[in-house]
Amino acid sequence: QRTLERLTKGCRLPSWMFLTRFEHSFLENLNWTPNHYPGGTSSTSLPWNANAVVHLTPFCHIELNLKNLYLEIEMFTRLNNAKLAITVEAFTTNYTNLQVYRWGKKPRWLPTAKTKMFRVAPRPQIPTEDYEELKRLHNNYRTQIKSLTGYFTEKYSTENIQQFDIEQHEKSIKDDFLKCTAINDEWNRQIKIQREERVAKELEESVNLAKQRLEERQQRQLLKLQAADEEVRRVIEDSKDFITPDKLDAAIEYALNNPVDYNFALDLDGNVYKGRNNDSVKFEIKQ
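Numbering-wise, the working numbering comes out as the position in the sequence shown, counting from 1, plus 4.
Relax, there's no trap hidden among the hints.
Simulated restraints, written as ranges between beta carbons of each label pair:
#1 ASN192 / GLN230: 53 to 59 Å
#2 GLN230 / ALA259: 35 to 41 Å
#3 ILE177 / LEU218: 57 to 63 Å
#4 GLU257 / ARG224: 47 to 53 Å
#5 ARG224 / LEU260: 49 to 55 Å
#6 THR153 / ARG127: 30 to 36 Å
#7 ILE197 / GLU219: 29 to 35 Å
#8 TYR266 / LEU218: 54 to 60 Å
Honestly, the hints are just simulated from the structure, not real lab data. Just so it is clear, CB atoms sit at the ideal spot from N, CA and C, and this is done for glycine as well.
Start from the sequences, fold in the hints, and give me the full structure.
See below:
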């Protein structure tokens, strides 16, 4: 952070000898390449607006809030040919003191530790049998890859690829269309036969169903007619006892000569005496 403050506040970086050891390692580990902005604007004397994002590629992404500040990149020519590419984008953010953490590792800009600076890792000792087996496997692998590479190179080389012929292409399209049309016609013919069979079967089923419904309707009408005839005959039979104006006098005379008394009495023996008169016929009740 102190190095970035010195880069941005002073507009010019001091000479290489005045940098601290930390700043020296920080700039040395960046290994940047120069970049120019679109539109022909050089990275030197670049005006920055109030809200700017500074991308320090490839390792850092630092967001700063700068106002009316001009950054000059000419100073990096003195820094042992260290090169820096800075890109600026308009960005509105409230982030402050943004830090990058590498889980389980130290920051990228820190130098090699003193205990590890001159350490030489021991060369791994591989047994002879393992070495021969690995060598054989690697040789087989390289041989197979070389064979496949040659095969695909020969197969897809420009010399073996036929030139595109527009006439042949159109002819193949027409032939394919004719084949598809023939297949489609065959499918239509088969479907037509199936459709005709299905329609004939459905028509036959519809006719049979209509006949069955007609028979059921005729049977219901016949039953209704029979019931009506029976009712008419019953009414005609009952009409013989009807009292018409012509039979009114005879009916009155018959009623007077043959009175009907619905009163009755019972004695202690269970005999029934019909009528109001005591001389009525005695009827014995069946036990």
